[in-house]
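So the sequences go chain by chain: B and L.
Each number in the numbering used here corresponds to the 1-based position in the first sequence with 1410 added.
Each number in the numbering used here corresponds to the 1-based position in the second sequence with 2 added.
Don't read these hints as lab results, they were simulated from the structure.
Any given hint might turn out to be false.
[Claimed, not checked] Computed cross-link-like contacts, DSBU-like style, restricted to lysine-lysine with a CA-CA straight-line distance of at most 30 Å:
1) B:K1426 x L:K95
2) B:K1521 x B:K1564
3) B:K1564 x L:K95
4) B:K1637 x L:K95
5) B:K1519 x B:K1564
None of these values were measured; they are calculated from a predicted model.
Residue-level listing of the chains:
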Amino acid sequence: MVAILEAVDLRKTYRKFRADDVVALRGLNLSIGSPGAVHGFLGPNGSGKTTAIRCLLGLIRPTGGDVRLFGVDSTTALHQVVDRVGAIVENPKMFPNFSGRRNLSLLAKAKGLPSGSVDRVLETVGLADRSDDSFAGYSLGMKQRLAIAAALLKDPELLILDEPANGLDPAGIAEIRTLIRHLSAEGKTVLVSSHQLSEIEQVCTEATIIANGAVVESGSLDDIRAKHGTPAVIVTIDDVSAAARTLTEAGLTVSQRGNHRELSVEIPAHQAAEVNRLLADRGLYLSGLRSDAVTLESAFFTLTSGQPAVAPPPPPPTAQPSPAAAATGSPPAPVTPPPPPASAPAPPEVPS
Amino acid sequence: MIPLLNAETQRYLSRRVTLFFPLTLALLIVVGVTIAYFVITAQDDSVDFVNDIAFGPSLADQPGASNVLGPLGFLLPIMAYTLGASFYGADQKTGVIELLATWEPRRLRLLAARAIGGSVVSIVLGMLVSAVSVAAFYVLSATTGTTDGMTGERWWWITMAVFRTGLLCAAFFLFGLALTVLANNSVASIISFVIYAFVVENILQIFVGWLAPWLPMANAGAFSAGVDMQTVTLDTLEEPTSHHGWFVAGLVVLAYPVVAYIAAAAVFDRRDIT
Chain B
1411 MVAILEAVDL
1421 RKTYRKFRAD
1431 DVVALRGLNL
1441 SIGSPGAVHG
1451 FLGPNGSGKT
1461 TAIRCLLGLI
1471 RPTGGDVRLF
1481 GVDSTTALHQ
1491 VVDRVGAIVE
1501 NPKMFPNFSG
1511 RRNLSLLAKA
1521 KGLPSGSVDR
1531 VLETVGLADR
1541 SDDSFAGYSL
1551 GMKQRLAIAA
1561 ALLKDPELLI
1571 LDEPANGLDP
1581 AGIAEIRTLI
1591 RHLSAEGKTV
1601 LVSSHQLSEI
1611 EQVCTEATII
1621 ANGAVVESGS
1631 LDDIRAKHGT
1641 PAVIVTIDDV
1651 SAAARTLTEA
1661 GLTVSQRGNH
1671 RELSVEIPAH
1681 QAAEVNRLLA
1691 DRGLYLSGLR
1701 SDAVTLESAF
1711 FTLTSGQPAV
1721 APPPPPPTAQ
1731 PSPAAAATGS
1741 PPAPVTPPPP
1751 PASAPAPPEV
1761 PS
Chain L
3 MIPLLNAETQ
13 RYLSRRVTLF
23 FPLTLALLIV
33 VGVTIAYFVI
43 TAQDDSVDFV
53 NDIAFGPSLA
63 DQPGASNVLG
73 PLGFLLPIMA
83 YTLGASFYGA
93 DQKTGVIELL
103 ATWEPRRLRL
113 LAARAIGGSV
123 VSIVLGMLVS
133 AVSVAAFYVL
143 SATTGTTDGM
153 TGERWWWITM
163 AVFRTGLLCA
173 AFFLFGLALT
183 VLANNSVASI
193 ISFVIYAFVV
203 ENILQIFVGW
213 LAPWLPMANA
223 GAFSAGVDMQ
233 TVTLDTLEEP
243 TSHHGWFVAG
253 LVVLAYPVVA
263 YIAAAAVFDR
273 RDIT
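Bound conformation, chain L alone:
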């Protein structure tokens, strides 16, 4: 199992797209922060704003309120899902899965090696992109305002947020892999997920109140930011209500890929590879 795990991890890392997505995202963050630097230095009154969203003293008493990783809590799961989907989909399309199945006929091992190797790499990639984001905002704050709010406690919180974002990437990698195995089509899987993330979940959140606390993307955001899972329904549009904490939100997010993976493994083990 160890050689197979090693090979599948290296296979995942060897794919161009595995590094392309995170590098592109990291580059966009750096470019965005650089643009922000020039805008901020041209507008004196924006210094306080920068400090507030990043590392200023006003955040010291609000450990869950940083927006440094906020957008990544949404973008990174989509990236990880796409990578997971393509890791199976591309190999299924090119016949590599068939080739591998003639090398390791125990398909549950093969799928597990892919899932574990890819998940570990996804954690690392998610943490690296998050770290780039933190570093970019830190430099922005240091050069345009202050980083006085960065106490040891605050650094620890950010480190944990970065780690949680990595875990989130692993969960969504597994989700993408599992749903693509079930669908046997990566394009359909990715498009469906993107439509769900951007459209369907928002509709469900508002119109299906009882389901709102259990939806994956909302819980992913709460888990990443380390805040309570809050729901907004038509009745409580003005006043979001807190449903559960960030740890439970993480478990809710994890439940989706785990259930999907069990189903995918059962299907993959019995499927004719033609």
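Only chain B is shown next, with the shape it has when bound in the complex:
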């Protein structure tokens, strides 16, 4: 079966006059095979996401490697399939003095599309009422919606959306999420690049994570989370130190959470009852017990060696993560429990 989108060993070096060359892509591989898939394309700033998208769309010429859309080499024959592709690259780009409708109608005319298609996409993105206002007067969110409308104008089979939620308010982001799901349900394939990992997590079924111009992980979201995160449960308890000691003695890995009454215990959620039993045996009773699902964000940071943007709350006195870790927002440090009493019973076996 021909892949809808495929990049093989894609390389791009920007030649600089009077400066060192910039290597943007170092043999990037990317593939979307199934129609209707929503594929997240993730990476830190400067990792090469937009360069890769520009290569896919024929805007820049790769230094090496192959780029194919619907089986066609997009560096030489993109025109054969371009009508099946809609795209947004970085910021919304339209002529500022034209109205939203005028911008779209000129695009539609360039492809001989019926004028009704403009009304259809304006309605889809909720801009029908403001379509006669000039593009320059639009808010960033409205500009983004118009760019999405332009991408939908050809009723494409493949949508390449580079930061589609950029500048949108929470309601707008939710609408984009709904729209992407709707498009996927219609059988359209979507490649969506975004910094908003939680958004990606909510709409994507699969993802590719890149760093420094190369893929560091690719696959279904479940696989990525399972591979790069550790399942855990969150225990809420008054005597955190005693609980940590008990669980450590049982061979579990325990770390302090930001809330001084919480511990993170590395154990699959379906074995949470074992944690409850261990603590109850010592007369330690839980106030709460919940699953700490592995997020795409934690996998992303693991893979890209990045740091979360927001630092966690300061550590409580009982837990003692290093100050540097707290300041940088590194994952919480394991709690070092006090030595067990000499009479302590042997820890029970806990399935790992």
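Fit chain L to the known structure of chain B by using the hints.
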């Protein structure tokens, strides 16, 4: 290609600046002629002068000597160049070129559609401004003197002059578009051209004798006015010498944008759009 050509033509026409420049120029002509009317009617001895520069009988035997379109042969090319430069430059700056390239990846087609659509519109705009100029001077002559010199032959000559001015606008539109694609910066392109037109070419005409007959603005003036291309060097300062006719002058003018466009197309086709 036809839908793309249609869209790019409409895009060019939809830009405010495309109509602003010609309308402003036409308005200035009308205002100037109106002022001239009041000045002339206050000075009886100026009637002959008006007839001579416009439609009086003394011009009947000098088909190339009318000054009706003279100033436009210089101003309209600058206007057309600016429009051509901004047609690419503004869209490059706002990212519209990038957007269009994702709709039509064959960039040579995209550039050709812009060039052809813009050139056709430029011909029409140049002819309209010229026609306004002719009409304004005609009314001035009719109301302050006479239009007796306007024979059928004379009207035909003026019509052709108007058409040539339109062609000149198309050539300079293409020149502006092409040089701006090469420079990738419309401001630099326009400023450079204006400095060239007003300063550099005059210096070259006087000090580089062998180059003088081939300079674009001088040939543009000759082509527009339908007169021989004349050169003035330091040696022949008092007596201009005729080098070639207005038709060759038109070909010389056309050569500049054609060469620039070929170079621009080659560069645009391979350029990374970032």
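To see whether the hints hold, each was checked on the structure:
In summary, the hint linking K1426 of chain B to K95 of chain L is supported, as the alpha carbons are separated by about 21 Å, within the 30 Å threshold. Between K1521 of chain B and K1564 of chain B the alpha-carbon distance is near 8 Å, which keeps this suggested pair within the 30 Å criterion. Using a Cα cut-off of 30 Å, the hinted pair K1564 of chain B and K95 of chain L holds, with the two alpha carbons roughly 25 Å apart. Distance hint between K1637 of chain B and K95 of chain L is unfulfilled; the C-alpha atoms sit about 44 Å from each other, more than 30 Å.
Distance hint between K1519 of chain B and K1564 of chain B is fulfilled; the C-alpha atoms sit about 11 Å from each other, no more than 30 Å.
Hint compliance for this structure: hint 4 is the single one not met.
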